[in-house]
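Protein chains: 2
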Amino acid sequence: MPELRKDPVIGRWVIISSERGKRPHDWAREPEQKRGGFCPFCPGNEDKTPPEVLAIRPDGSPPNTPGWILRVVPNKFPALQIEGDLNRRGEGIYDMMNGVGAHEVIIETTSHDLDLADLDEEQIYRVLWAFKERMLDLKNDKRFRYILAFKNHGQAAGASLEHSHSQLIAMPIVPKRVQEEIEGSRRYYDYKERCIFCDIVRQEILTEKRIVAEHDKYLVFEPFAPRFPFETWLLPKEHFSHFERMPEEEHRALAAALKEALVRINKTLDRPPYNFIIHSSPIQEADYPEYHWHIEIIPKLTKVAGFEWGSGFYINTTPPEDAARYLREVTL
Amino acid sequence: MPELRKDPVIGRWVIISSERGKRPHDWAREPEQKRGGFCPFCPGNEDKTPPEVLAIRPDGSPPNTPGWILRVVPNKFPALQIEGDLNRRGEGIYDMMNGVGAHEVIIETTSHDLDLADLDEEQIYRVLWAFKERMLDLKNDKRFRYILAFKNHGQAAGASLEHSHSQLIAMPIVPKRVQEEIEGSRRYYDYKERCIFCDIVRQEILTEKRIVAEHDKYLVFEPFAPRFPFETWLLPKEHFSHFERMPEEEHRALAAALKEALVRINKTLDRPPYNFIIHSSPIQEADYPEYHWHIEIIPKLTKVAGFEWGSGFYINTTPPEDAARYLREVTL
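Protein chains in written order, with the numbering used here: chain A, 62 to 393; chain B, 62 to 393.
Some hints could be false.
Copies of one chain are not kept apart here, so a pair can be met inside one copy or by any two copies together.
Stated by the list, open to error - Derived pair list, reagent style DSS-like, types lysine-lysine, alpha-carbon separation capped at 30 angstroms: (1) K278 x K137; (2) K237 x K67; (3) K328 x K193; (4) K320 x K67; (5) K328 x K109; (6) K67 x K278; (7) K109 x K237; (8) K253 x K67; (9) K328 x K298; (10) K200 x K67; (11) K270 x K193; (12) K200 x K328; (13) K67 x K270; (14) K83 x K328; (15) K137 x K237; (16) K328 x K137; (17) K237 x K200; (18) K67 x K298.
Calculated directly from the structure, the hints in this document are not laboratory data.
One chain only, chain A, in its complex shape (with noise of 0.2 angstroms):
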């Protein structure tokens, strides 16, 4: 079983998985992604996942067979378990619990060569739809408190199979950064009144200059303080608190400005390796009036990792008004 543990000093929890215990010589080289292999995502191998949780099957082919348009199942290699309590502890100073949650993986296209910024609206939106389905249904697991939804891409930004995928793990705890940004909103709000994330919209939607793309329903732009250059966010211009909770005309005019996000950094960037996260609202809670939910895009460009992790400090050496003009630059 993986453990949660809080660090006694920040309260940040992290997962020690036991089981995927790594020697020395394991972490000596990394495996290289297996280009051209076996590819357990293909139409075809859908007995080489776990059984699927959601499927599109415009087909009524019957699960774990081909004929989906869109599959999710549980992740192989899970970070955390599905099953057990919590079992909250505590060894002297420290503090523990078991690491119970879900950890699942949308395979987004049959297709094994294509990206998700190669989709058509259509399919991103039926991956967006997936997002929210399960997280829905996962709420209901009273024992899970947020529901992190993610992806990595490419190599470099820790994606271990290439045909696209996203993830989505639900945990007992809420993470640190998110916990953040609630008691930043917070703050906020308690002094003015206003959603500081309806502040920002409104702020750059007036100065421009960080603007990557306005839609009817959505901004695509650089924030103010990027700790990484051609850090890239998306809010709804509507106030919302969480992801799963907008009607289905937010969800599909989403699925129109992440497609054309993640195009302009393609082309800008030569398809670099990249991580998004959903940044949402605890699920169990009610709506907020102060948090926003959003999404940031981290193209992976550099290397250095350790240092800004340590500090906490970081060096950003692209303004993101000049990468805000790279961005719009670009020809669709």
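Place chain B on chain A using the hints.
This is chain B only, laid out in the frame that chain A set:
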């Protein structure tokens, strides 16, 4: 002039370095570290660095000539600039100030081929002494609130030159990670009236299982909730809030403990790239009873980055108890 910008939601300051402004194609391929080429840190090339601000010259040789055994010089490509005032200002909801600071390089040895772990304890002590001397000098500049001392070793850990060196950045803000540690320690102190790091030292010595090496004055151990495999901490057993305010014998004892930690990591993980960061208290502050300076060493073993960065959620596949055992079992 570089700019310090504050994230309006979570309050993290980042440096936006416009002079070094990188364009999209600059990111396509990071330059490889030159091996065997010209080295500005080797003896005889003193005129290829900015003039030294500190050196140890047993032969009394003049500055910026050979004869030194340790040398501190301003970084030729500084992240922050020494001249100018802070000019704190706002732009709507955003806050910023001029990127004022100092950025120095400690050239740790004359030998191009030795790493810090290969140096003898006396030379490692000189490096720590240089950290201390520069911190005490930079403290006189009241614009500076924090001095970050760190080492990037190996290209994958962000070192751009292979000749062994470490760095100091003096800055007008306290990095977010340090601020969080101080606040967390303060909460514990308010509740318990004890330093949490002193309690960590006591509990680790009692349970033994995460100890890598115990010295008379220092404890080297794997923390209870590490973000990264083989993340290693080094704490003075006696309570000191500021690295630079310890008596000389503490710095001498630290040299021995740091050498042992690095040698054990090198032998266990086949000389990995790594970062270490000195977490110390803000320089202008009086001694803190609640915060305890320490070193965090992070071997760079995994490629994954953006996901952890974006979520604040870490999955560590080597339990610290296993890592400690591997590190202990090495024959020195």
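To see whether the hints hold, each was checked on the structure:
| no. | hint | in the structure |
| --- | --- | --- |
| 1 | K278 x K137 | neither (37 angstroms within a copy, 46 angstroms between copies) |
| 2 | K237 x K67 | both (11 angstroms within a copy, 19 angstroms between copies) |
| 3 | K328 x K193 | within (29 angstroms within a copy, 48 angstroms between copies) |
| 4 | K320 x K67 | between (37 angstroms within a copy, 29 angstroms between copies) |
| 5 | K328 x K109 | neither (34 angstroms within a copy, 39 angstroms between copies) |
| 6 | K67 x K278 | between (39 angstroms within a copy, 27 angstroms between copies) |
| 7 | K109 x K237 | neither (34 angstroms within a copy, 44 angstroms between copies) |
| 8 | K253 x K67 | between (33 angstroms within a copy, 18 angstroms between copies) |
| 9 | K328 x K298 | within (25 angstroms within a copy, 54 angstroms between copies) |
| 10 | K200 x K67 | within (23 angstroms within a copy, 34 angstroms between copies) |
| 11 | K270 x K193 | neither (32 angstroms within a copy, 43 angstroms between copies) |
| 12 | K200 x K328 | neither (37 angstroms within a copy, 46 angstroms between copies) |
| 13 | K67 x K270 | between (41 angstroms within a copy, 18 angstroms between copies) |
| 14 | K83 x K328 | between (37 angstroms within a copy, 16 angstroms between copies) |
| 15 | K137 x K237 | within (26 angstroms within a copy, 36 angstroms between copies) |
| 16 | K328 x K137 | neither (33 angstroms within a copy, 33 angstroms between copies) |
| 17 | K237 x K200 | within (20 angstroms within a copy, 32 angstroms between copies) |
| 18 | K67 x K298 | between (35 angstroms within a copy, 22 angstroms between copies) |
Consistency with the previously given hints fails for numbers 1, 5, 7, 11, 12, 16, ordered from lowest to highest.
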